[in-house]
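Undergrad: Chain R: place on chain P using the hints.
Chains as they are written, first to last, in full-length UniProt numbering: chain P, 1 to 318; chain R, 1 to 179.
Think of the hints as simulated: they come from the structure by calculation, not from any bench. Quick reminder that beta carbons are idealized off the backbone N, C-alpha and C, glycines included. Some hints here could point you the wrong way.
As the list claims (entries may be wrong) - Straight-line distance between alpha carbons at most 27 Å, and here's what the computed DSS-like set of lysine-lysine pairs gives:
hint: 1; chain 1: P; residue 1: Lys87; chain 2: P; residue 2: Lys76
hint: 2; chain 1: R; residue 1: Lys80; chain 2: P; residue 2: Lys34
hint: 3; chain 1: P; residue 1: Lys64; chain 2: R; residue 2: Lys152
Said to hold, decoys possible - So, partial list: chain R residues that the calculated Cβ filter (under 10 Å) puts toward chain P:
hint: 4; residue: Asp70
hint: 5; residue: Leu78
hint: 6; residue: Pro86
hint: 7; residue: Ala87
hint: 8; residue: Pro88
hint: 9; residue: Gln90
hint: 10; residue: Val91
hint: 11; residue: Ala120
hint: 12; residue: Asn122
hint: 13; residue: Leu124
hint: 14; residue: Arg146
hint: 15; residue: Thr167
hint: 16; residue: Gly171
hint: 17; residue: Ala172
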Amino acid sequence: MRHLLSTRDLTRDQAIHILDVAEDMADVQTREVKKLPTLRGKTVVNLFFEDSTRTRISFEAAAKRLSADVITFSAKGSSVSKGESLKDTAQTLAAMGADGVVIRHHASGAPQVLAQSDWIDAGVVNAGDGTHEHPTQALLDAFTMRRRLHPGSSRGKDLDGVRVVIVGDILHSRVARSNLWLLRTLGAEVTFVAPATLVPFGVGSWPAAVSFDLDETLRSIRPDVLMMLRIQSERMNAAYFPNAREYARQWGLDDERLTALGPDSIVMHPGPMNRGLEISAAAADSAQSTVLEQVANGVSIRMAVLYLLLSGEREALA
Amino acid sequence: MARTVLQQADIARALTRISHEILESNRGADELVLLGIPTRGAVLAERIGAEIGRIEPSAASAADLVGSLDITMYRDDLAKHPTRTPAPTQVPRRGIDGATVVLVDDVLYSGRTIRAALDALNDLGRPRAVRLAVLVDRGHRELPIRADFVGKNLPTSRDERINVHLTEIDGAEEVTIEG
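Bound conformation, chain P alone (with noise of 0.2 Å):
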């Protein structure tokens, strides 16, 4: 592997092994050095054209905890405000030597343009480009479901026949869309739920079941995992809903669905939540929810890959 910008190229094998990789990073994580000396000399830039303060401390943790240097670069206040172009930046990153890039833009394909460029010879992590991909949160999200669902003994399993009911915003999110193309990879079966407005175009052809009823979903599938969207109001130029309260009540995992979800089902949500809106305070503190555990589980998944992506020989261009 030499970058990771989809987790639509994954094949089954590659995505089981990133996370068995990060099961052996999870371990590091509970001794009392939690650090390793595997990428020692390294340098891995965090390249953040667009707002995030989890994803980019949780890579941050991982190269670190590599023992990679890691050098943040944001575009707020930095010379892409006054005008750089991409290429200009990645040429400059690669004059300092950069191995490896995290790179975030508000724009679809922007990661892949630079691991297609000769701009730059690092590997290329994609940490969630416009409404595209997010592939480490999916990716963090198997592993979370994963050890939920074996505690204990989820090393080289995968999520055959398990439910997954995604409810929100499918339309802008790419923490959907990387996550559709995962599960089905790994064999679980995805079910959307969204508001109508909120249903991308051409959804047919994706591998998944869409509905706008969630009660009539919770009934009917019986979902193991139910993965709560953010309501992004930062891409909401529109009114997709006619108000929040509307949408909570419609479409918001109130305490009485999540006491109809029963015991066993966990309750996902990458983060950050709007308590009250799609999720309410009762479940997201629940002994169902997975909230923390999936910030934790993001520093092992994001050691794992770059790991993987940073440590051994250059690979030819695949």
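TA: Positioned in the frame of chain P, the structure of chain R alone reads:
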């Protein structure tokens, strides 16, 4: 052409002797931890642990005596090979602080694996002493490292290959030398 240098019975005798030697030098099985280096070292550590349990009934149960120590992340040649897949590290519950840790590996060659293992141990705790047990010592050390317990010394040339086959992993039980 592969030539067999150790057969099943030879391996069993060597491991029995190593088990006795470990117990002798440690004066019993107290504060003893065996850490095998995956993959074949981990299997050998389990066998030595079982043997020690047989010889010394007062020894801790296998789960408290034997573990595995993966050194992939500590290797000094990571950048010179395709990416390696790490194996799990499992340390007995008591930890390694204050214990006599015996590292177990199949073949001792350059010594670089053991150097990596010493680094890895350092991140897990502070053992009282670290010893090294290997099934085969083939020479050609590149670092000042030696084994305390050796199954067999095999003088080799650098062009030769030593293959250790163990039933649990390879379905066969022998050590061969390939020229």
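Undergrad: Checking against the hints above, which ones are violated?
TA: Going through the list in order, the structure violates hints 3, 14, 15, 16 and 17 and respects the others.
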